[in-house]
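There are 2 protein chains.
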Amino acid sequence: MKVTIIGAGNLGTHLAKAFFEKGIVISQVFSRKKEKAQTLAQIVGADAISNLENIEKTADLYLLTVSDDAISQVSRQLSTHLNLSLVVHTSGATSSLVFSDYFSRFGVFYPLQTFKADQKVDFSEVPLCIYGKREKDQKLLLQLAAQLSQSVHAIDDDQRATLHVAAVFANNFTNHLFHISQSLLAEKEVDFRLLLPLIQTTFEKIKTQHAMEVQTGPAIRSDHQTVHKHIEELSGHPVYQKIYRVISKSINPKLDKL
Amino acid sequence: MKVTIIGAGNLGTHLAKAFFEKGIVISQVFSRKKEKAQTLAQIVGADAISNLENIEKTADLYLLTVSDDAISQVSRQLSTHLNLSLVVHTSGATSSLVFSDYFSRFGVFYPLQTFKADQKVDFSEVPLCIYGKREKDQKLLLQLAAQLSQSVHAIDDDQRATLHVAAVFANNFTNHLFHISQSLLAEKEVDFRLLLPLIQTTFEKIKTQHAMEVQTGPAIRSDHQTVHKHIEELSGHPVYQKIYRVISKSINPKLDKL
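Sequence order for the protein chains is Y and F.
Per our numbering, the very first residue in the first sequence carries number 1; after that it's consecutive.
Per our numbering, the very first residue in the second sequence carries number 1; after that it's consecutive.
Treat the hints loosely; a few may be bogus.
All copies of an identical chain are treated as equivalent in the list; a pair is satisfied when it fits inside any one copy or across any two copies.
[As the list claims (entries may be wrong)] In silico BS3-like cross-links for lysine-lysine, where the CA-CA straight-line distance does not exceed 27 angstroms:
| hint | residue 1 | residue 2 |
| --- | --- | --- |
| 1 | 229 | 249 |
| 2 | 22 | 120 |
| 3 | 133 | 257 |
| 4 | 188 | 2 |
| 5 | 242 | 139 |
| 6 | 229 | 136 |
| 7 | 207 | 116 |
| 8 | 257 | 57 |
Since the hints were derived computationally from the structure, they do not count as laboratory data.
As the structure is a computational prediction, the values presented were derived from the model and not from experiment.
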């Protein structure tokens, strides 16, 4: 198995290293920035290229780790050099159909985790969402993924699109609610860490239970008095008030007059 | 130190047991439901009463664990029997001023955690938010709390009100976002557990960092294309669309035309 990595950013670097450590040959590393390509190529024993004209056709897999916006353009450029090769991207937000004009064998290799440049990633726990347009390619990608992670999932375009928006709610938006909570407490010089055990409990619950069944708080109890008190408490923060109202109503549609 | 517990619900039961285990004497247990009072009283070696007329004046602390709505009424009834005693409630949502018409010595003993009837609680990790109107009483309450927990905090009414609304954002509302995420994924038969490593990472980050500084996702990146794709993806769920819009705008006010 020979893999060529297109893009030497965070994800490209982490994946190339992880493959290399598992004994998978990295054939070439491409980055428009020559130095970046060289740095990574050296680590994983690959050739560095900074011009797609120099791409070799001999790899078994071309793994695009470029930004979402660049996938289509890079594919067009690649297509003049590759045609019977398997090409995948690593994007949660991009349909595999982005490839359909350029390649006959394509798919997705999407790691569902955020990566930092300076932190080593243990891929064994990272869910890898795999799709191959052709059944044989999907099988190959699933096998490759299984060498990296214990959590490998066949996820089609439609499922991945939903997964991506679901991740925004469960991850990006919850983080913003933590920010709101932190900023409210900072104003009163209360330590946010007081809330950590409560948050931990909620997190433990949703590992095994439906969040709906463990919902607590004034909204689900139809505790109008507390809900109104909270909205008043937020009077200095009209945006937070709006969020409070919208989510409370979503928790309990019977709460009107919010 | 002798404590009388008013209310034999979840919290009353857990607190009475925890005090009892630490060698603190539980004098009486009150519940309107005689059987409930008796069950708990027996466990903690106390007398059971179901009529406040039978309350004894000799306890050092009267701990109200009744529902928020009942605090005022129970206080009025108690006030004819107690006047120089220390009375506290256990509510995050109620000002200590609820007591001011009835008692001269009052305060709050608020455990910041949810409790289930059937699960043993380890109070050592539960943040206890303490307030005493009189300094001496606050000191006594802090000492009592320190026998139960390593996480004891002097929190006044104003701070506790903010803490309560901050907990709604960080706990109740995040749980609802997990519910939205779960329900979206269930529709496409995708396992919610795929998101757990990502959620875990976010949770680990906010233990030590400002959530604002670790915010990720399309909104903070001003990635209009993905934001609009997500809103379209949610077309079958107008309430979720609304939540998506409101939180995205709060994350990044420059995202207009949502």
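For each hint, the structure was consulted:
Taking the closest pair of Cα atoms, residue 229 and residue 249 come within 27 angstroms of each other both inside a single copy (15 angstroms) and across two copies (24 angstroms). Taking CA atoms no more than 27 angstroms apart as the test, residue 22 paired with residue 120 passes inside one copy only; the shortest distance there is 15 angstroms, against 45 angstroms between copies. Proximity of residue 133 and residue 257 under a CA criterion of 27 angstroms is satisfied in neither setting, with 50 angstroms inside one chain copy and 35 angstroms between copies. For the homomeric pair residue 188 and residue 2, neither the shortest alpha-carbon distance inside one copy (57 angstroms) nor that between copies (34 angstroms) is at most 27 angstroms.
For the identical chains of this complex, residue 242 and residue 139 are neighbours neither inside a copy (47 angstroms) nor across copies (39 angstroms), given an alpha-carbon limit of 27 angstroms. Taking the shortest alpha-carbon separations for residue 229 and residue 136, neither the intra-copy value of 59 angstroms nor the inter-copy value of 30 angstroms comes in at or below 27 angstroms. Taking identical chains as interchangeable, the C-alpha atoms of residue 207 and residue 116 lie at most 27 angstroms apart whether they share a chain (25 angstroms) or sit on different chains (17 angstroms). Proximity of residue 257 to residue 57 under the C-alpha cut-off of 27 angstroms is found in neither arrangement, the shortest distances being 64 angstroms within a copy and 44 angstroms between copies.
The earlier numbered hints that this structure contradicts are 3, 4, 5, 6, 8.
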